[in-house]
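Student: Sequence order for the protein chains is A and B.
Position in the first sequence counted from 1, then plus 17, gives you the numbering used here.
Position in the second sequence counted from 1, then plus 240, gives you the numbering used here.
These aren't lab readings, by the way, just hints derived from the structure by calculation.
Hints are supplied without guarantee of correctness; some may be wrong.
What the simulated footprint calls covered on chain B by chain A, stretch by stretch (three residues with Cβ under 8 Å from a Cβ of chain A suffice, anywhere in the stretch; the number is not a length) [claimed, not checked]:
| id | region |
| --- | --- |
| 1 | 291-300 |
| 2 | 317-323 |
| 3 | 358-371 |
| 4 | 450-460 |
C-beta: ideal position from N, C-alpha, C; glycine also.
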Amino acid sequence: MPQVFHPSANTLSRVVLFSLVVGPAALLGLVYLLVRSPYQTQVRVIREQPVQFSHEHHVNGLGIDCRFCHTSVETASAAGMPATHTCMTCHSQIWADSPLLEPVRASLKNQEPLAWSRVHDLPDFVYFHHGIHVQKGVGCVECHGRMDKMPLAWREKPLTMEWCLDCHRNPEPRLRPKDDVFAMDWEPPADSGLALGGELLQKSHMEVGQLTNCSICHR
Amino acid sequence: MYPTSSFLESDTLTMRSNTLSARAWFASDRWSRWLAAGVVLAALSGCQDMYDQHRYEPFESSTFFDDGASSRPLVAGTVPRTDPRNLPDVDDRNLLLTGLKDGQPSRSAPFPVDQTVLERGQGRYRIYCAPCHGELGDGKGIIVQRGFTTPPSYHEDRLREAPLGHFFQVITDGHGVMYSFASRVAPQDRWAIASYIRALQLSQNAKVSDLPPEDQDKIQEASK
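All chains should be built: construct the whole structure from the sequences, respecting the hints.
Tutor: Listed below in C-alpha cells is the structure:
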C-alpha cells in the first residue's frame, strides 16, 4: 500500500502544532507591545502647537516658576493654562516683533484664546486633582518629567492606570518636602533612603490602603 | 381552542420562518462582514463616549461659541455667591479688595501680618515678582536683564515711604508697563507680597544694631 502522506507532512504537522501554541501567544504579545508603544501612549511624542513654546527656555533659561503660568496647580483640579495676558506680561516688550509670537499677539488682538493641544489628557472617566498631589508632596517631575529639559513639550509618562497605581500602592519613594515640589532637580538626600518618604507619608496623613479604592480616581 | 393559544401558534410559525431566512442569511458570506462592521462600530462609539464624555473639561475648546472656548467670561457686574479665592474673614472687606482706607492707599494690611504671612509673601514674591523685580527688590530681575523696562528699586526713598496699599494697588491694577496680576494673585496674597516687600526694604537698609544679639556676634566674628 502506498503511503498516504508525503514525508514532508511530518514537518508540516510540527509547524502547525507549534504555531497553534505560539501563534496566539505571539499575537497577544504583539498587541501588548503595541498598547505600550509610544504609538498608543504618546510618550516622548512631540505635539504640534500653535506656538513653539519652549519650557526649557522659560524654566531652565530664565528660572520662571511653574506657577507663574500654571496658577491654579496648588488649589484646583486643573493646573491652569496661562491666559494670553500672562504671555504678554513679558512679551509686550520682549520679542515683541518676533514672527514666532504672531499667534499670541493675534490672540490678544482678537480676544480669541490660543488653542493649545493637550499633552496630558486623561480619559473623562478618570478624576484627577493637581492640588491634592501638590499638597501631599508629589513633585511635578514625578509625572511630567524634566520639563526644564524639553524644548517642545512631550508626555514623559504613559498615564496608564497601571502607572497611576504604581504610585498609589507605594507613594513613599515619590514624596518630597512641600518646598521642593516645584523644583526640577530635587534629589532625596543621599543617606535618607526611604526614611524621608515614610516620614512625609506620616506627616501628610495619607492612608495608603485607601489610595487604591476605585472611587479615589473613578467618581 | 382558546384564542390565546391560536395566537401563540401563529407566532411560532412566524418565528420559524424568521429562523429559516436567518439561516439562509448566515449561510451567505455577507453576515461576517456585517458582524465585523457592527462590532467595530459598537466598540469605537462606546470607547469614544467614555473617553470623551459629553461635557466640557476645564479649558476645553468648543465649536458652540464664537471665540472657540467653552469657559465663558463672567457677565459684567457678576457678584460671586461663594468666593473660590478663599478670602480671609476680615473686618474691612473693602480694604482687603481695594487697598484703600478712607479713600487713600492704606498704611497697614487688613489682617495681622505674622511670620506665616511673610513666608507666604516671600514664596509668592519669588514666583510672580522676582522675574522682573529681582530677589532683592532692586529691579534687576532676569527679564529686565533680557531687555524689559527696568522697574524702580524698592529701596529708593519714594517707595520706602509709599503706603502698603500702594503695592497692593500696583499688583492689582498694574503700573506703567507692568500688567495687572489680579487674576493670578489672590487679594490676601497681594497683601502678603506687599508686606514681604516691606521686609525686603528693611533688609536692605538695616543697621547692625537692628539685628538680634546672636546675629550681631556672627557678623562681628565674620568681619574679624
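Student: Now, for every hint given, state plainly whether the structure supports it.
Tutor: Comparing the hints with the structure gives:
1. 291-300: holds (count 7)
2. 317-323: violated (count 0)
3. 358-371: holds (count 4)
4. 450-460: As far as the region 450-460 of chain B goes, the hint is violated, because 0 residues have Cβ atoms under 8 Å from chain A.
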